[in-house]
Amino acid sequence: DTAVSQTPKYLVTQMGNDKSIKCEQNLGHDTMYWYKQDSKKFLKIMFSYNNKELIINETVPNRFSPKSPDKAHLNLHINSLELGDSAVYFCASSQELASYNEQFFGPGTRLTVL
Amino acid sequence: EDQVTQSPEALRLQEGESSSLNCSYTVSGLRGLFWYRQDPGKGPEFLFTLYSAGEEKEKERLKATLTKKESFLHITAPKPEDSATYLCAVQAFDSWGKLQFGAGTQVVVTP
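Each protein sequence line maps, in turn, to chains V and W. When we follow our numbering, the leftmost residue of the first sequence carries the number 40, and every step to the right adds one. When we follow our numbering, the leftmost residue of the second sequence carries the number 10, and every step to the right adds one.
Hints were generated in silico from the structure; no laboratory data involved. The reader is advised that the hints may include incorrect statements.
With a Cα cut of at most 30 Å, we get these calculated DSS-like pairs of lysine-lysine [unchecked claim]:
| # | chain 1 | residue 1 | chain 2 | residue 2 |
| --- | --- | --- | --- | --- |
| 1 | W | K72 | V | K83 |
| 2 | V | K79 | W | K78 |
| 3 | V | K75 | W | K68 |
| 4 | W | K66 | V | K79 |
| 5 | V | K83 | W | K78 |
| 6 | V | K80 | W | K66 |
| 7 | V | K91 | W | K51 |
| 8 | V | K75 | W | K66 |
| 9 | W | K51 | V | K106 |
| 10 | V | K83 | W | K51 |
| 11 | V | K48 | V | K91 |
| 12 | V | K80 | W | K68 |
| 13 | V | K80 | W | K78 |
Pulled out of the complex, with its shape left as it was, chain V reads as follows (with noise of 0.2 Å):
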């Protein structure tokens, strides 16, 4: 199937910790993202790579670390976690970096910090 995959679905861990998820597009696009959803379900970007390079990231503190190893993935390392980083992590891709070209959502990947 073509999509955008993450992993694991859910991750439940203890504060302090750290962990990662990963994010795959068999979709052949240059740019993917990283976002978070709120218990609002309020969606706010945090980072954008294209072609494996930074281009967005919003103000988002330093213990979360994206990678992309290659444009198909597109991973999330996050340190020290803290209790108000649960929340549901959704990797997204796009054909081209700020182009008219939607954005193709992954299913998320609900983080619990204890």
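Chain V is fixed; fit chain W onto it per the hints.
Then chain W, alone, in the frame of chain V:
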């Protein structure tokens, strides 16, 4: 700063009862306005992109329209499977692809 406001927050409809959702926006140079549908526990699913005032797009029972300050999503004769949260987002020309989302309208259609 770009802003997107959706109303109402929630909408309960009887099957067949048509209605409209509103998305008001302020943006410095609109590249596009996007409508997405989100089902519980899933990622947003793309519905429409509108680029300029006066534009309309349709898909099954959904029709999206755009003016210079707002967009409407009309749901005609809804069915229970139209129940979802509908998200509106704007993209500005100088935003490097960033989508600014509204908080969404949760629609429940009862048989």
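For each hint, the structure was consulted:
no., hint, in the structure
1, W:K72 <-> V:K83, "holds, 25 Å"
2, V:K79 <-> W:K78, "holds, 24 Å"
3, V:K75 <-> W:K68, "holds, 28 Å"
4, W:K66 <-> V:K79, "holds, 29 Å"
5, V:K83 <-> W:K78, "holds, 21 Å"
6, V:K80 <-> W:K66, "holds, 26 Å"
7, V:K91 <-> W:K51, "holds, 26 Å"
8, V:K75 <-> W:K66, "holds, 28 Å"
9, W:K51 <-> V:K106, "holds, 24 Å"
10, V:K83 <-> W:K51, "holds, 16 Å"
11, V:K48 <-> V:K91, "holds, 24 Å"
12, V:K80 <-> W:K68, "holds, 25 Å"
13, V:K80 <-> W:K78, "holds, 23 Å"
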